[in-house]
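> Throw the hints in and build the complete structure from the sequences for me.
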Amino acid sequence: MTSKSDLWTIRPACERDTDVLADIYLRVRRITFLWVDPREFHNTDFVIHTQGERIFVCEDRNGTIAGFMALWEPDDFIHMLYIEPAFQGLGAGKALLAALPEWPKRRYRLKCLVKNTRAMAFYRTLGFEIVGDGSSPEGDYKDMRLSGE
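Residue 68 in full-length UniProt numbering sits at position 68 of the sequence shown, with consecutive numbering throughout.
Hints in this document: simulated from the structure, not taken from any laboratory. Warning: the hint list may mix true and false statements.
What the hints assert, rightly or not - Only pairs whose alpha carbons sit at most 27 Å apart, straight line, appear in this in silico DSS-like list of lysine-lysine: (1) K142 x K105; (2) K111 x K142; (3) K94 x K105; (4) K142 x K94; (5) K111 x K94; (6) K94 x K115; (7) K115 x K142.
As the list claims (entries may be wrong) - FRET-style restraints, in silico, Cβ to Cβ: (8) P38 x R106: 31 to 39 Å; (9) K111 x R27: 27 to 35 Å; (10) P85 x D19: 15 to 23 Å; (11) T44 x W72: 18 to 26 Å.
Every residue gets a Cβ at the ideal spot worked out from N, C-alpha and C, and that includes glycine.
Here's what the structure looks like:
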């Protein structure tokens, strides 16, 4: 699946993207999850944490990678959505989600850390509802599901 708009191109990740995506994953976690010791995050985490997942890349008009999304397809579970800080708030995250099959009709799920209030607000504005909660090494989270239309 490849999706293109005036601002963004969404495409499947390929092997040449791995280093850039690993850097985004590491950098964004370190600057966002301030309540976690940054030494807990490693550049090798990306490959380990996305094993078996379908990864989508968001590029700007110049081909610069703005961010990525990782989807665990068997459960329609959005495992990761990470956007480079310079691109946050410009629509890259929405473009990644909108490129998902049957968006917004399919009831995709995700987990969002409670302390990540900006992400929580983002998902709520897109129609995700809190359906449960849990705890992880990074902190408490809310299970969220797209309400569907």
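> Are the hints correct? Go through all of them and say.
Verification of the hints:
Simply put, K142 and K105 have alpha-carbon atoms about 21 Å apart, close enough for the 27 Å limit, and the pair holds. The straight-line distance between the Cα atoms of K111 and K142 is roughly 6 Å, inside the 27 Å bound, and the hint therefore holds. For the suggested pair K94 and K105, the alpha carbons sit about 15 Å apart, so the restraint of at most 27 Å is met. A distance of roughly 20 Å separates the Cα atoms of K142 and K94; the hinted pair therefore holds under the 27 Å criterion.
Of the pairs offered as hints, the one joining K111 and K94 holds, with about 17 Å between alpha carbons and a cut-off of 27 Å not exceeded. Distance check on the hinted pair: K94 and K115 sit about 21 Å apart at the alpha-carbon level, within 27 Å; holds. Under the criterion of a C-alpha separation no larger than 27 Å, the hint pairing K115 with K142 is consistent with the structure, at around 10 Å. Range check, P38 to R106: about 35 Å between beta-carbon atoms, so the 31 to 39 Å window is met.
Checking the proposed 27 to 35 Å range against K111 and R27 shows it is violated: the Cβ atoms sit about 21 Å from each other. Range check, P85 to D19: about 18 Å between beta-carbon atoms, so the 15 to 23 Å window is met. One distance hint, 18 to 26 Å for the beta-carbon pair T44 and W72, holds here, with the actual separation near 20 Å.
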